[in-house]
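Novice: As a plain string of letters, each chain reads:
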Amino acid sequence: MNAIVLAATSPPSTTHPQHAFGGGVLILAILVIASLGYGATRLTRGRRSRGHQPEPPWPSGRPAPPPEAARTAPPRPLDQRPPRATEPETEPESEPKEGWAVQTHGLTKRFGSNVAVDDVELRVPRGSAFGYLGPNGAGKTTLIRTLLGLTRADAGTMSLLGIPVPAARGQALARVGAIVDEPRFHHHLTGRENLRLLAAARGGDAAGRIVPSLARVGLTERAEDKVATYSMGMRQRLGVAACLLADPKLLILDEPMNGLDPAGMHEMRAMIASLAEEGRTVVLSSHLLDEVERTCDSVAIVDHGRVIRQGPIDELIRGAGARVVQIDCAEPARAQQLIDQAGLAAGTALAHTGLTVTLPAGASREAVADLNRRLVRADIDVYSLREVQTSLEDWFLSVTSRLGETS
Amino acid sequence: MTTTERGTQAPGAEAPERSKPWTGTWDLITTKNLEIRKRRGVMITMVVLIIVPTVLFYGLRLIFHAVDPHGYGLAGSPQFFSQATNLIDEFGFIAAAALGAAAGTTDLSDGMFRHLVITGRSRLALYLARIPAGLAITVPLVALAFLMNCLVTSYESPPDPTTVSFYSVTAPAHLDQAQLQTWMLANTQQEANGGFLPGLPSGPGITPTAAQVRSAIDKNIASYYSDYTAAEISQSTPADNEMFKIGLWLELDVGIAFLVGLGFGSLTGQRTTTTIVMIAFEILVTPLLAHTQLPGFIDGQRLIIGVAMDQLRPAALAAASGPGGGGGGGILFGGRGAIGFPPMPIWAMIAVIVGWIAGWSGIGAWRMITRDA
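Here the protein sequences line up with chains Z and E, keeping their order. Residues 103 to 509 in this note's numbering are what the first sequence lists, from first letter to last. Residues 11 to 383 in this note's numbering are what the second sequence lists, from first letter to last.
Simulated from the structure, these hints should not be mistaken for laboratory data. Note that beta-carbon positions come from the ideal geometry of N, C-alpha and C, so glycine has one too. Among the clues, some could well be false.
According to the in silico footprint, chain E covers these stretches of chain Z (three or more CB under 8 Å from chain E) [to be verified]: (1) 240 to 253; (2) 263 to 276; (3) 291 to 302.
The whole structure should be built from the sequences, with the hints applied where relevant.
Specialist: So, in structure tokens, the structure goes:
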């Protein structure tokens, strides 16, 4: 302390070359900031060039998707939302003996006045491949983030593998693997190093699962390469490897096909199928109807933050009701008139090669035979008569509000 | 449907696993350290800011002395020791703050924070693991730079002076208090002509009388002796224990910079912003506020970490940095050692330092726990 007093009361007795360093530190400070800014710019550019790839084209032979503006439109404000469906969302299911893999009750998440997850009742059976299907902006990712504790719920209860979260979140997530949004990693580390980091956070035996996980996803050869050099598909696979570190009983994959080319999608589909075959529960969130139909046994349809249907895909489609018959025949206009006059169909429409007939809900196979009989008796040549299978996509569009928005 | 209540487990619930410790485990710390070390830009910045200035400082002085021994003195003088220490301190503070900002933000910016949270590991543990992981980088680098400083000072220093200058009075070295009093009473003319001794009448054209000088010496000898001792220390090559204390002080100052950078970075989530603010704080705000005593706000100014750390500065370094000791006292580099702030109580100094460490760590941890991933 006295030294400080001395310093303050006596004039300098020597020249102080340190003064010159003042300018030096300013220059160095500018260089530090500039280098940080340059690094950030490079990183951003890299992400832009390597990051989000365009979504694969909508499958041919299907109805065109809603316009981009409608697909990416933010959810409508609460006061403009359609009234809640009066029909029951699903058939009440009894709880399986082994419990649900995922269960939510009244789960709600709001962002200001926007309700992203609205009173969701979700039940995912164990050992199933479960699709969580909804249009963009329907609240799929928000629900997953809430389940995983990445964001807090505003209301409701939830459990993973029977363990309540967030009360026992650490315990619940010990056997859960998840990819949320695009899988991103430390780009300056190798794939193996990124997994080491995550294994250290998991603790236990996770470190011992790094090698088999990399082998499982086919990344052993590239494990020592920096993630910055990975393609989108490789990063998706690394994300799956990160999930496998937990030896998960429950896998939650959010839009895992995003940005993948057809070959990558094929690989990912096979990987998901193999994981489900091992008895793991796989929850697949997607807006790609075809993918969910190909991969999953059960599905929940979400729209505007609400689960509007859930259950096994077959049952849901069967329950949709209407039976559609495609008739290839001569004189389609006369055939249409005949069927309409006979009151056999709920609706008819002329198609490119004939006639599309929608039978009333609950119509039996006999109704199809009756159609054929009447056409033949009226001397109309019938070349083919084919029942059109209702796809998940058709059903999805019929139950979500998107169809109404785009029509 | 049976609803699972909070805190209860449904049928088929997983058997509880061994609970994870809430603090960071060794693996978590070492892998985080690996993640930071592998950032080439950050590590180059650290070396350039902490090691290179000392190497250049002494390297040039050693070369100049070797080429022209008469024009350039030995490189290891106490003055140079003080200047080099200040260099390490200021650049180390900036480097450590930048490192803390990087450690606090890169998981977020790289998208790894989400992966880490999904592991189920406590977010607090994830935050705490960053502290030793980052300090494991700053501490050795600062130690290396300071070790070079100490080695040059120990092996390239001139002999300790036989006289000690304080208040423009030159007295023999190695006197105890009684000897100093005797010597000062015998040399009142020198002290009167110098006119800088505290307690003597001063002003333009005023020369204290011998009686006034004697009276001041008898009254203030304890204070003079304390100042004499500090000046003697600062003009001599620091002893090993002094060097050790200065090294610890350096590590504490740089460590605080890292912790503040980490906490502030976690709060903002913006690495560049955090770094800019920390640099501005260190090279602009602290010197400006530390050199200007605002009436009625001195206690507020004492809350600045730089002011509190200045009070903790080891005696040899503090004296050397001040004009009285003959060391450097620039606004940046010696600003702290020469700011002339009235001393603050030990408890207040410790409270400010602990407050900065605990406060920023608490803010950073809180933000990490509450942040949406």
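Novice: Look at each hint and say if it fits the structure.
Specialist: Now the hints, each set against the structure:
Here's how the segment 240 to 253 of chain Z fares: 5 of its residues keep a CB closer than 8 Å to some CB of chain E, so the rule of at least three is met and the hint holds. Proximity of the segment 263 to 276 of chain Z to chain E, defined as three or more residues with a beta carbon under 8 Å from a beta carbon of that chain, is established by the 12 residues found. Coverage of the segment 291 to 302 of chain Z by chain E holds in this model, with 8 residues showing a Cβ closer than 8 Å to a Cβ of that chain against a need of three.
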